[in-house]
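Line by line, the protein sequences are chains A and B. Note that the working numbering has the first sequence beginning at 9, numbered continuously upward. Note that the working numbering has the second sequence beginning at 2, numbered continuously upward.
Please note that the accuracy of each hint is not assured.
The list that follows gives simulated cross-link-like pairs (lysine-lysine, BS3-like), each with its CA atoms no further than 27 Å apart [unchecked claim]:
no. : chain 1 : residue 1 : chain 2 : residue 2
1   : A       : K78       : A       : K68
2   : B       : K234      : A       : K78
3   : A       : K68       : B       : K234
Restraint-style ranges between C-beta atoms, simulated for each label pair [claimed, not checked]:
no. : chain 1 : residue 1 : chain 2 : residue 2 : range
4   : B       : R458      : A       : R106      : 45 to 53 Å
5   : A       : E154      : B       : D139      : 43 to 51 Å
6   : B       : R458      : A       : E154      : 35 to 43 Å
7   : A       : E154      : B       : Q64       : 35 to 43 Å
Since the hints were made in silico from the structure, they are not lab data. All values reported here derive from a predicted model rather than from experimental measurement. Think of the CB as a built atom: it goes at the ideal place given N, C-alpha and C, for glycine as much as any other residue.
The residues making up each chain are set out below.
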Amino acid sequence: MATTGMGSAKAGVPDDGKRTYRSEPGIAMLGATGAGKTTFLGALQIALLQDERGWTIWSKDPASRREMIKMNTALTSEGEFPLPSTGIDTFDWILGSRRERTERTGRLRSRSFEESVQVTLKLTDASGELARSDQMDLDDRRQLVEQVAGSQGILYMFDPIREFNRGDAYDKLFGLLMDIIATEAEHPGFDGRLGHHVAVCVTKFDEPRIYKTAESLRMLVWDSHDAAGFPRVHDSDARDLMHRLCRLSRSGTGQAVPQLLERYFYPDRIKYFVTSSVGFMVSERTQRFDPQDTENVYRIESGEALIRGPVNPINVVEPVLWLVEQMALNG
Amino acid sequence: MTATPIPVRAQWALHGKVLDDEGYQVIACSTGDLSKANFTDALGRFALGALDTLPQVSLSYLQPAARVSGGGYLALAIHWSPGNGKRHAAGVGHVDNQGRPTTFTSYFCAPYASLAPRCLTYLDMYQAFGDVTLPTRDGPPLDLLLAPAGQRAPGIDALAMRVAPLLLTGVPVCVLGAEETGVDERLRFIDTVMALLPYGFRARMTAATWTRATNRNHRFRLFFSSEPRAADKPDEVVHWGEPERVKIPSKAARAYYGWLNDKFKPLASLTQLNREYGFGDAADTRTLDLVLRFSRSPQEPPALEPPPPADPARTTDRARPAQGADPVTRILVECAEHARTLSVNLVRQDISDLQARLKSGQVDDRHRERYRRLITQSGLLSSGSWLQRNNEVRLYETLLALAFGLPVGYPAFCQIEDSLAGASGQGVHQALLAAIARVGPGDLRTRILVAAELEPRKLLKSLGSSGADGHALIRELALGGWHRRQHGRTFCDVTLGYLRERQGRYSIAEVQRVLLRCGYLAQPLRDIGSEQYQVHAIAQLLVAAFPLDAYPAGLDKTVVNAILASAPDAPTQALLAAILRRIPVSEARGAWEAFVYGSVARMNLDDETHGDLWLRLPSIEPEPPAAAQPDEPAAPGATGAPGAPTQPVPAMELLAAEAMPPEQDPRWQERPKQPWFPWSGSELDVPPWVNPGAHDLS
Ligand SMILES: Nc1nc2c(ncn2[C@@H]2O[C@H](COP(=O)(O)OP(=O)(O)OP(=O)(O)O)[C@@H](O)[C@H]2O)c(=O)[nH]1
Ligand SMILES: [Mg+2]
Chain A
9 MATTGMGSAK AGVPDDGKRT YRSEPGIAML GATGAGKTTF LGALQIALLQ
59 DERGWTIWSK DPASRREMIK MNTALTSEGE FPLPSTGIDT FDWILGSRRE
109 RTERTGRLRS RSFEESVQVT LKLTDASGEL ARSDQMDLDD RRQLVEQVAG
159 SQGILYMFDP IREFNRGDAY DKLFGLLMDI IATEAEHPGF DGRLGHHVAV
209 CVTKFDEPRI YKTAESLRML VWDSHDAAGF PRVHDSDARD LMHRLCRLSR
259 SGTGQAVPQL LERYFYPDRI KYFVTSSVGF MVSERTQRFD PQDTENVYRI
309 ESGEALIRGP VNPINVVEPV LWLVEQMALN G
Chain B
2 MTATPIPVRA QWALHGKVLD DEGYQVIACS TGDLSKANFT DALGRFALGA
52 LDTLPQVSLS YLQPAARVSG GGYLALAIHW SPGNGKRHAA GVGHVDNQGR
102 PTTFTSYFCA PYASLAPRCL TYLDMYQAFG DVTLPTRDGP PLDLLLAPAG
152 QRAPGIDALA MRVAPLLLTG VPVCVLGAEE TGVDERLRFI DTVMALLPYG
202 FRARMTAATW TRATNRNHRF RLFFSSEPRA ADKPDEVVHW GEPERVKIPS
252 KAARAYYGWL NDKFKPLASL TQLNREYGFG DAADTRTLDL VLRFSRSPQE
302 PPALEPPPPA DPARTTDRAR PAQGADPVTR ILVECAEHAR TLSVNLVRQD
352 ISDLQARLKS GQVDDRHRER YRRLITQSGL LSSGSWLQRN NEVRLYETLL
402 ALAFGLPVGY PAFCQIEDSL AGASGQGVHQ ALLAAIARVG PGDLRTRILV
452 AAELEPRKLL KSLGSSGADG HALIRELALG GWHRRQHGRT FCDVTLGYLR
502 ERQGRYSIAE VQRVLLRCGY LAQPLRDIGS EQYQVHAIAQ LLVAAFPLDA
552 YPAGLDKTVV NAILASAPDA PTQALLAAIL RRIPVSEARG AWEAFVYGSV
602 ARMNLDDETH GDLWLRLPSI EPEPPAAAQP DEPAAPGATG APGAPTQPVP
652 AMELLAAEAM PPEQDPRWQE RPKQPWFPWS GSELDVPPWV NPGAHDLS
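Chain A on its own, in the form it takes in the complex (with noise of 0.2 Å):
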């Protein structure tokens, strides 16, 4: 490497013109148990991959590492779902992407390189049963709590099919932001708001009911570029959606969830999305998408849910690199 011309190069630039940097934002994941959580970070690598933005990811951590290839290979070459979770598992994984960057290096003289952005995401994926009032007491939760209150976004799926069967989603998020709000409230300057980004996600867009919803409501758009033709729902959308599956809520008080949230958080920090982790089911013949037939999962006879064809990802890696782009500029 040379080292002549004085101030050429600018600290921590080397000579090949790249440069990392990294970062190392937490997110949590909240949302009812069987909402779809840790089914949406098993799908985080293959939706990657799947994305033409070219992120990677990959992780220091042996134990992270070693789960996120056991949770990709179960849903994407066992399709199998993963087990239901007990306790709090933290992950630690790294996102990583390359981008073109222009800088002056001089008075006159500028320069552009190619910088590797690394995101070290910590992401904690608590069993949904943590935000049962029974569980108040408990270790774990009071855990999830300071992890919560710790991170910088959070990623809360809401599972509407449950919403429709059981309609708890607003208790439940009611007593966990209530108890995180304790544990922020000690914070001088604490102003009454939560200031995390919040990427809420209306889960399982393959179901045929959330699908026949968002159909008849004329939220459905195509991108012309998908081979297989699937639809989505834009995120100008998404709030609207989940307050309409909201109204069906079995309890009446689904439909306050974003009202909640809107009102413990700062609105500005929340965005909508409707997700599917396995995506819709690809028609064997036809190779694309089937109107008639959207699910991608079936129950075999023990009551087992498998996933019926190739997984693929609805809006999985928006919402994460949504929060990244928010933390990143807002800290």
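Could you slot chain B with the ligands onto chain A? The hints should help.
Same frame as chain A, now just chain B with the ligands:
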């Protein structure tokens, strides 16, 4: 022989999911002292994390709210899945309403007071509880008979022997690499570990035969897993089947290990003595002799009966002292083995034996060489960290005397360092340094290097009083020939520190002379530090010779010429750079010329090559004596010294040597060639959550 079974009243709970409710909960429990809430709490405390290999067993305890000593319970939980293996409960579903396989937990607890007197083990409990099929409705506690597996000496497991003391340090122990073992085997291991501790520890023990590695927050003290968990406080990680990799960090725990080893090892050895022995005359004395001999060389289990008459040809062979017959060699080999098995008493005995040998005669070079090799190969010079400090130092002192000779001079010090670097990749550790300091470093280099590591604070003080003054340090540096760059670097740092600390207390004229004679160490410094460091060091030497207060105007031309053009060695760029920092800008040209002149003039060229080079070099003639300036008082202490101040120069024009960062500054650390300029530190506009170290690409 099996002892009579003991009646035990066990309270129980079944945890899992029922079909109409997907939540995990206590499905049913016993109607004894403990309530459903107690069970919920106890079960919630010890989650293993979702596991795909079941069954697994976790062990814990339960302390009732009214803490009565001995009123607690030992708990054993079996985590199982109805879909695979034994079902421990009747009428439970296989999957939850999301279609996910359900894990059930059969939780049992029994009063500590009924288990402790008969030393019932976890395995005893598992055998009894594992056979129970729990109902899905609440019911009375279970009256079970637990059969203690009889009075048994704890199985001697080398890993368990080390894990037991590790547990005493209070740090959780994680066992990796046991994927191939069964749950029974892992449970037996936990039992073995606990058998090596007072039984009472079970009253507070938590352990699991498996945990999910990403379930980081669990509270098991001893657990198996597939990977280490990345927790804030790291666990002690040990590897199944690899006891020799275990390091016991605390002194007290090591002592406990030593005690265990001294007590249990001999018992275990008896099982290895399995040749056929007969009872008969004096079996007692002969057996005692046998076990003592065996404990000294366990590789070769000795025969009890006298050996068969030897082959006459070999008998004569034996009479001659064979290669391996040197007693010191033999003791060294044994000592290495004793150190490996952490046998305190035996190592102490070995040290005494070796010292006795040392006293009884001289060691010749050939033997010394052999001992050196042996010590290096067996890693003996770093093997004693588990001993008490004084014993450890005594061990090293003895080894040093045998293998390197006393006192330890620089060549020996380097040999020691090399042998350690080969064995463990480490430098000379503290206890060994202490040993060298005690036996006496043989020369100035060793003394400085040892003291700089061992007690850097006292080092400078000790130097002044013992006559190793600045000149000696400088002369030593001028000699060069460092075995490792770092040695020279350390030595130089000490010298610079010394000159700085003693400024005003030494003769400047003398220091100027000494430094000039060695060209301000410019050439020797090239072997010990980066360019950055060289400039820094020379700048400091210039300050030592021409203190800033005495030479506020910087160095004058005569001095510059003398240093750059007439020192015995060619000047280096670092020397030029350091000098440029001490002269006014207007003088810089003169310095370049002197540098060019000195560089060429000091080249070793034959006359022909030299030719008329002189004509083409700047002329560096001795300057005519400066016109005396009568009203300019000479700077104090500088009278008669070369380079007495000429014209005062504005202080800003001199790049004061002090403006450079001190040696401890991380910028001085050796690193790949990378220019350091004050303006290269400008920050990038990266977001605040980016790691502070993010720019560091080295
Ligand atoms: N149709 C459909 N079903 C899904 C999808 N993701 C998850 N599921 C179903 O939801 C179930 C629960 O998913 P998990 O990921 O285990 O849910 P969780 O939020 O982690 O639940 P806990 O670990 O109990 O808190 C899975 O077993 C699937 O049956 C999806 O994208 N589409
Ligand atoms: Mg989960």
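Tested hints:
no., hint, in the structure
1, A:K78 x A:K68, "holds, 16 Å"
2, B:K234 x A:K78, "holds, 26 Å"
3, A:K68 x B:K234, "holds, 17 Å"
4, B:R458 x A:R106: 45 to 53 Å, "holds, 49 Å"
5, A:E154 x B:D139: 43 to 51 Å, "violated, 34 Å"
6, B:R458 x A:E154: 35 to 43 Å, "holds, 42 Å"
7, A:E154 x B:Q64: 35 to 43 Å, "violated, 24 Å"
When held up to the earlier numbered hints, the structure conflicts with 5, 7 and fits the remainder.
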